[in-house]
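So the sequences go chain by chain: A and B. So in our numbering, spot 78 of the first sequence is number 78, and the numbers just go up one at a time. So in our numbering, spot 139 of the second sequence is number 139, and the numbers just go up one at a time.
Hints should not be assumed to be uniformly reliable.
Once the Cα atoms are required to be at most 27 angstroms apart in a straight line, the calculated DSS-like pairs of lysine-lysine come out as [what the hints assert, rightly or not]:
hint, chain 1, residue 1, chain 2, residue 2
1, B, Lys-20, A, Lys-14
2, B, Lys-9, A, Lys-80
3, A, Lys-20, A, Lys-122
4, A, Lys-122, B, Lys-20
Computed footprint of chain A on chain B; a stretch qualifies when at least three of its residues, placed anywhere within it, have a C-beta under 8 angstroms from a C-beta of chain A [said to hold, decoys possible]:
hint, region
5, 2-10
6, 22-32
7, 38-47
8, 98-111
9, 143-156
10, 167-177
What the hints contain is simulated information worked out from the structure, not anything from laboratory work. We put the CB at the ideal spot given by N, CA and C, even for glycine.
There are 2 protein chains.
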Amino acid sequence: MADKNLIEKPISSKEIFDGKILHVVHDTVELPNGAEASREVIRHTGAVCVIPVTEEGTVIMERQYRYPIARVMLEIPAGKLEPGEDPLEGGLRELEEETGIVAGKMTCLGELLPAPAYCDEKITMYLATELTRKERHLDEDEFLDVFEMPLSELVRMVMDGEIADAKTQITVLKADRILNGNQ
Amino acid sequence: MADKNLIEKPISSKEIFDGKILHVVHDTVELPNGAEASREVIRHTGAVCVIPVTEEGTVIMERQYRYPIARVMLEIPAGKLEPGEDPLEGGLRELEEETGIVAGKMTCLGELLPAPAYCDEKITMYLATELTRKERHLDEDEFLDVFEMPLSELVRMVMDGEIADAKTQITVLKADRILNGNQ
Chain A
1 MADKNLIEKP ISSKEIFDGK ILHVVHDTVE LPNGAEASRE VIRHTGAVCV
51 IPVTEEGTVI MERQYRYPIA RVMLEIPAGK LEPGEDPLEG GLRELEEETG
101 IVAGKMTCLG ELLPAPAYCD EKITMYLATE LTRKERHLDE DEFLDVFEMP
151 LSELVRMVMD GEIADAKTQI TVLKADRILN GNQ
Chain B
1 MADKNLIEKP ISSKEIFDGK ILHVVHDTVE LPNGAEASRE VIRHTGAVCV
51 IPVTEEGTVI MERQYRYPIA RVMLEIPAGK LEPGEDPLEG GLRELEEETG
101 IVAGKMTCLG ELLPAPAYCD EKITMYLATE LTRKERHLDE DEFLDVFEMP
151 LSELVRMVMD GEIADAKTQI TVLKADRILN GNQ
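Here chain A stands alone, though its shape is the one from the complex:
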């Protein structure tokens, strides 16, 4: 099927909420068959995530409380991009702020769209290596715990369904293929 038979045309857009993180709009679109449909859309400024792997094959991880699911999650370092910020710069900044790690080498692992059905957020992924440790400097209202675990154990946890966070699952499996030659 040609793309033109899949595309939806915007008819109207209504602003619902203009928050600090999320911008919510409720749009009406024309479907390929001419019918109208409603689309609930979250606009997001974009984010970056970094899987930092040491020479010993361990990963610098974070434990962080996630209010929407009321649970402490295991995740790789990540954060929102500043307006206009380059993803690579943002990745280096977030990594150093949250963990105190400076990466000598950043390898782009591509992008991920967490929920393209209703959200335009795009997260650029990096593998950070050649790591140096400095002081971390969290925002005053940021609470997270930094720890280290073997990449091989993280791969096992991802495969056994013990890691829920999408960006962490993807970067763990990609980093393992790249670093351990399972290409």
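Place chain B on chain A using the hints.
The following block gives chain B in isolation, referenced to the frame of chain A:
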């Protein structure tokens, strides 16, 4: 750090939008240091996704227009759960509705949280095998293109950053590890 030093306590909640797919709330929470912070949260009913792999090692894929990013995406079959629906039943239902495929075997690949910082959506993932082809029966307002491609080519595309959708990246890499013994 103990979990109690990470947890945020809800203080108040304001409903912003009660849509067909998204329920948006703007909450105030108490941080571990006693300060207050605002949390913008999307409530979602949950979803299921299925990677259907044939005996020949090809994957039944979909091309679908995603309005929030104004682009046709390559994705595995997926859909929202009906209220109270079991994820396994929902996965079998979505797979048959969208592709006409009936799965003889469904292997759970765990869950994924696409965006735990601001959304409570949980997607249960399945690997579908022992496939039989029937007729698909799309909703009247659903437009998507079904096609087949080798799992090995999808793995290459995921590793080269050519597949953006998070659930597709995760399930492709997990299915490859399981089916091709890269455990």
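Against the structure, the hints:
no.: 1; hint: Lys-20(B) - Lys-14(A); in the structure: 15 angstroms, holds
no.: 2; hint: Lys-9(B) - Lys-80(A); in the structure: 23 angstroms, holds
no.: 3; hint: Lys-20(A) - Lys-122(A); in the structure: 17 angstroms, holds
no.: 4; hint: Lys-122(A) - Lys-20(B); in the structure: 23 angstroms, holds
no.: 5; hint: 2-10; in the structure: holds (count 6)
no.: 6; hint: 22-32; in the structure: holds (count 7)
no.: 7; hint: 38-47; in the structure: holds (count 6)
no.: 8; hint: 98-111; in the structure: holds (count 4)
no.: 9; hint: 143-156; in the structure: holds (count 3)
no.: 10; hint: 167-177; in the structure: holds (count 6)
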